[in-house]
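Novice: Turn these sequences into a full structure, and let the hints guide you.
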Amino acid sequence: MVPLTAFLIVAALLFCIGLYGALARRNAVSILMSVELMLNAVNLNLVAFWRFNTPAQDVGSGLPIGMSGQVFAVFVFVVAAAEAAVGLALIIAMYRSRQTVIAESADTLKF
Amino acid sequence: MQTVDWVQWLAFGILTLLTIGSALAVVIDRNIFHSALWLLVSLFGVAGLFVMLSAPFLAAVQVLVYMGAIVILIIFAIMLTRRLMGLTEALNTQWWVGGITAIVTFLVIAFVLFQAGQGANPILVREPIAALNGRGVEELGKALVDPAQYALPFELASVLLTAALIGSIVIAREDQ
Amino acid sequence: MIEALVNLGWNPHIATFVALLLGVVACASFGLIWFTVIGLWLVRKVAARVQDRMGPNRVGPFGLFQVFADLGKMITKEDITPQGADKPIFNIAPLLAIAAVVLIWAVMPFAKTLIGADLSVGALYFISVASLGTLGVLLAGWSSNNKYALIGALRAVAALVSYEVPMVISILVPVLLAGTMSMNGIVEAQHIFYIFAVPLSAFVFFTSNLGETGRAPFDVIEAESELVAGYNIEYTGIKFGMFQAAEFVHSFTSCALMAVLFVGGWRGPGAELPGLAGALFGFIYFFSKSMVIYMLLLWIGNTVPRLRIDQMMAFNWKFLVPLQLVNLLAVAFVAKILQPNYEAVRATAESGSTLGNIYRVFGPEFIADLPRAIALLIVNVIILGGVGLMIRNSIRKERASVEANRAARPPYLGRRTPVEQPAVGD
Amino acid sequence: MQQVNEWLFIGIFFAISWALPAAPILIGGVLGPKRANRLKRETYECGIETVGDAWVQFKVQYYLYAIVFLIFDVEAVFLFPWAAAYNQLGLYAFFEMLIFVGLLGVALLYAWRKGALEWT
Chain V
0 MVPLTAFLIV
10 AALLFCIGLY
20 GALARRNAVS
30 ILMSVELMLN
40 AVNLNLVAFW
50 RFNTPAQDVG
60 SGLPIGMSGQ
70 VFAVFVFVVA
80 AAEAAVGLAL
90 IIAMYRSRQT
100 VIAESADTLK
110 F
Chain R
0 MQTVDWVQWL
10 AFGILTLLTI
20 GSALAVVIDR
30 NIFHSALWLL
40 VSLFGVAGLF
50 VMLSAPFLAA
60 VQVLVYMGAI
70 VILIIFAIML
80 TRRLMGLTEA
90 LNTQWWVGGI
100 TAIVTFLVIA
110 FVLFQAGQGA
120 NPILVREPIA
130 ALNGRGVEEL
140 GKALVDPAQY
150 ALPFELASVL
160 LTAALIGSIV
170 IAREDQ
Chain L
0 MIEALVNLGW
10 NPHIATFVAL
20 LLGVVACASF
30 GLIWFTVIGL
40 WLVRKVAARV
50 QDRMGPNRVG
60 PFGLFQVFAD
70 LGKMITKEDI
80 TPQGADKPIF
90 NIAPLLAIAA
100 VVLIWAVMPF
110 AKTLIGADLS
120 VGALYFISVA
130 SLGTLGVLLA
140 GWSSNNKYAL
150 IGALRAVAAL
160 VSYEVPMVIS
170 ILVPVLLAGT
180 MSMNGIVEAQ
190 HIFYIFAVPL
200 SAFVFFTSNL
210 GETGRAPFDV
220 IEAESELVAG
230 YNIEYTGIKF
240 GMFQAAEFVH
250 SFTSCALMAV
260 LFVGGWRGPG
270 AELPGLAGAL
280 FGFIYFFSKS
290 MVIYMLLLWI
300 GNTVPRLRID
310 QMMAFNWKFL
320 VPLQLVNLLA
330 VAFVAKILQP
340 NYEAVRATAE
350 SGSTLGNIYR
360 VFGPEFIADL
370 PRAIALLIVN
380 VIILGGVGLM
390 IRNSIRKERA
400 SVEANRAARP
410 PYLGRRTPVE
420 QPAVGD
Chain A
0 MQQVNEWLFI
10 GIFFAISWAL
20 PAAPILIGGV
30 LGPKRANRLK
40 RETYECGIET
50 VGDAWVQFKV
60 QYYLYAIVFL
70 IFDVEAVFLF
80 PWAAAYNQLG
90 LYAFFEMLIF
100 VGLLGVALLY
110 AWRKGALEWT
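Protein chains in written order, with numbering that gives the first Met the number 0: chain V, 0 to 110; chain R, 0 to 175; chain L, 0 to 425; chain A, 0 to 119.
Take these hints with a grain of salt, some might be off.
[To be verified] Here are the computed lysine to aspartate or glutamate pairs in the DMTMM-like style, where the Cα-Cα straight-line distance is at most 25 Å:
#	chain 1	residue 1	chain 2	residue 2
1	A	Lys58	L	Asp309
2	A	Lys33	L	Asp309
3	A	Lys39	L	Asp309
4	L	Lys146	L	Glu77
To be clear, the hints were calculated from the coordinates, so they are not data collected in a lab. Just so it is clear, the structure is predicted and the values come from calculations on it, not from any experiment.
Specialist: In structure tokens form, the structure reads like this:
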């Protein structure tokens with residue numbers, strides 16, 4: 000049986016790779032992809048903890064098996080989808096008005 | 000029929016290699032379209048890990064939503080904004096700061112994990128999961144609509160999706 | 000089979016592996032080879048008969064082995080990679096197109112005991128896997144370095160993803176009625192075939208599958224007259240053949256899925272028998288049901304003219320999706336009010352009264368399902384009536400606006416838009 | 000552990016499903032002639048010489064369709080567990096889903112009225 004720690008290490012690696020990408024890439028679409036990687040790492044963490052560490056009885060409802068970890072993961076999917084849709088729409092709008100997709104060139108509001 | 004331990008480790012190794020390797024390729028590859036394809040492979044690896052964690056529903060959703068929808072959305076966005084790509088440097092001027100941050104973060108997490116692993120509270124396999132065998136989806140459905148559990152977030156998800164759809168249509172549409 | 004091998008003195012792990020491998024090879028080769036041979040032959044024969052031709056009749060009996068001749072031809076053709084193509088992606092795309100279709104056969108219940116893997120998320124699994132085929136199209140179009148391929152791919156992807164939405168929602172109806180997502184579970188729950196209870200959902204599923212597999216009248220994916228050939232224009236030889244094979248296998252696969260989800264898959268008299276006999280019966284039922292639906296698909300494909308892409312999108316988003324959403328909610332409402340009470344009916348059947356004897360003739364599950372099925376059918380008819388009224392209204396409105404436009408415009412004027420001449424000499 | 004075995008089956012199936020089409024392509028690569036020349040490798044546009052590169056600009060309409068598709072796909076993610084558990088739930092589940100689908104119906108209606116579903 001593969002232990003919990005192994006999954007958590009993988010998730011941590013994935014998260015840090017995503018973090019590096021989000022910080023270092025210039026293209027806004029790349030940054031968004033890195034954020035997706037980070038969200039995936041979070042999901043992996045949630046599901047791994049659900050698999051190994053949920054109490055046998057759900058605290059809130061008293062149901063035999065709590066599904067909290069999976070439910071949280073589903074909500075992360077929703078957030079990821081909403082984020083991708085709106086984020087990419089913003090990038091397209093930025094490209095249309097400024098002819099660029101480089102993240103740091105959108106700095107009009109910076110002072 | 001018990002699946003052998005080494006089969007599980009083998010599957011875990013392959014999936015980890017897929018996930019981490021292609022995640023690295025996502026952030027390193029200069030061609031943004033290839034980057035998106037590597038993201039695909041990475042997401043597939045995570046789906047496999049979900050299966051190993053006895054969450055097959057999430058694995059299927061991962062393939063359906065992430066690989067089948069979000070990546071297609073990303074590729075469309077790349078095609079729509081492709082005019083200038085490839086002309087510029089892939090990395091910004093502070094890439095080394097980002098790298099150091101990422102490595103330090105990983106070291107901290109790994110340190111904490113090893114600390115926790117050596118503690119007096121060993122993390123064990125939860126047995127009831129075996130009782131869940133095959134009924135995970137139904138349990139998930141019950142938990143989602145149960146007013147005592149996640150009914151409100153469930154409705155809020157609908158609101159979020161509606162807002163995202165309306166917002167992105169307003170933003171992305173060309174002004175007439 | 001595993002036990003048999005273990006009894007022969009094999010290591011159980013190796014026995015399991017061998018059994019799995021054999022199962023995989025059987026399922027995959029069955030899905031791919033058998034249906035390419037028979038399916039392609041049928042496609043050609045039917046098309047030929049519709050067009051008053053002979054069709055293939057040279058190679059083998061009735062031209063059955065024409066496919067092998069084609070395979071031999073394609074395999075010996077030169078494999079050209081266009082210049083500027085993204086070579087690794089160019090090569091992966093046809094593989095992905097095939098793999099996405101073949102993977103569906105892993106959860107296909109051929110008979111009660113004859114199923115590759117009865118996953119608890121079977122219905123969701125095959126949708127997810129099928130959605131990967133869209134990516135194959137996108138990759139092919141992108142990597143070809145050709146305007147037509149790219150435009151064709153984008154169009155095809157927009158159409159494919161659109162038609163996935165009504166398909167997913169229509170699959171929810173059998174899942175809801177059966178209360179499970181496992182393919183075998185859905186088949187087992189169909190004491191009354193769902194096509195009789197929820198014909199509208201079956202219609203939506205079939206129609207969206209036509210769009211999803213790119214069959215006429217939704218075949219803009221390979222609109223020869225508009226886009227040369229579509230996304231696979233730059234492919235030659237066997238790689239081109241792979242896209243064709245993927246399309247054919249996918250269309251048969253969608254028919255098999257329809258048979259499983261709405262027409263009861265392997266169900267039929269004798270299919271519940273234990274052992275080989277039941278498997279054989281089940282397989283025959285499953286296969287003949289799929290075949291009937293496949294013939295229906297070919298019939299439609301050869302007789303209906305192609306829709307324009309804008310009509311196709313409007314049909315999907317403004318008709319199929321709202322219709323199926325309403326339908327799903329209506330079905331859910333009825334299914335909640337009239338839940339079949341299997342235990343009570345079974346008890347009556349056991350009791351030995353006259354009523355019980357009648358129940359036993361039809362099967363207690365069938366009787367228990369009957370009220371719900373009839374109510375669902377009535378609701379479906381009501382929805383259909385409403386839809387018909389709406390369609391008639393919109394057609395009338397459309398016709399009036401066209402008439403008004405024609406009346407307002409003087410003949411031969413205002414039709415032509417001035418063509419911008421390119422500047423000469425700069 | 001039946002479940003795990005079935006996924007193992009899927010894993011092997013996955014490998015085979017890639018090998019199945021790869022084999023004829025490899026054979027075709029060996030059998031087929033290799034006499035490519037510049038003219039043959041040129042982009043095919045019905046014999047007319049290619050003007051400009053393939054990276055033409057696309058309209059945003061494709062993206063709008065993809066967004067609507069994504070949103071409804073995610074909706075399906077919620078609908079599937081609901082449908083699978085539906086027989087074991089009370090009537091409240093129906094009304095919750097009515098609200099859920101109703102909101103998304105409003106979103107679809109908005110996209111419709113805004114012309115996001117028109118192919119122009």
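Novice: Hints first: check each against the structure and report whether it holds.
Specialist: Here is how each hint holds up against the structure:
no., hint, result
1, A:Lys58 to L:Asp309, "14 Å, holds"
2, A:Lys33 to L:Asp309, "42 Å, violated"
3, A:Lys39 to L:Asp309, "35 Å, violated"
4, L:Lys146 to L:Glu77, "23 Å, holds"
Going down the numbered hints, you'll see the structure goes against 2, 3, while the others check out.
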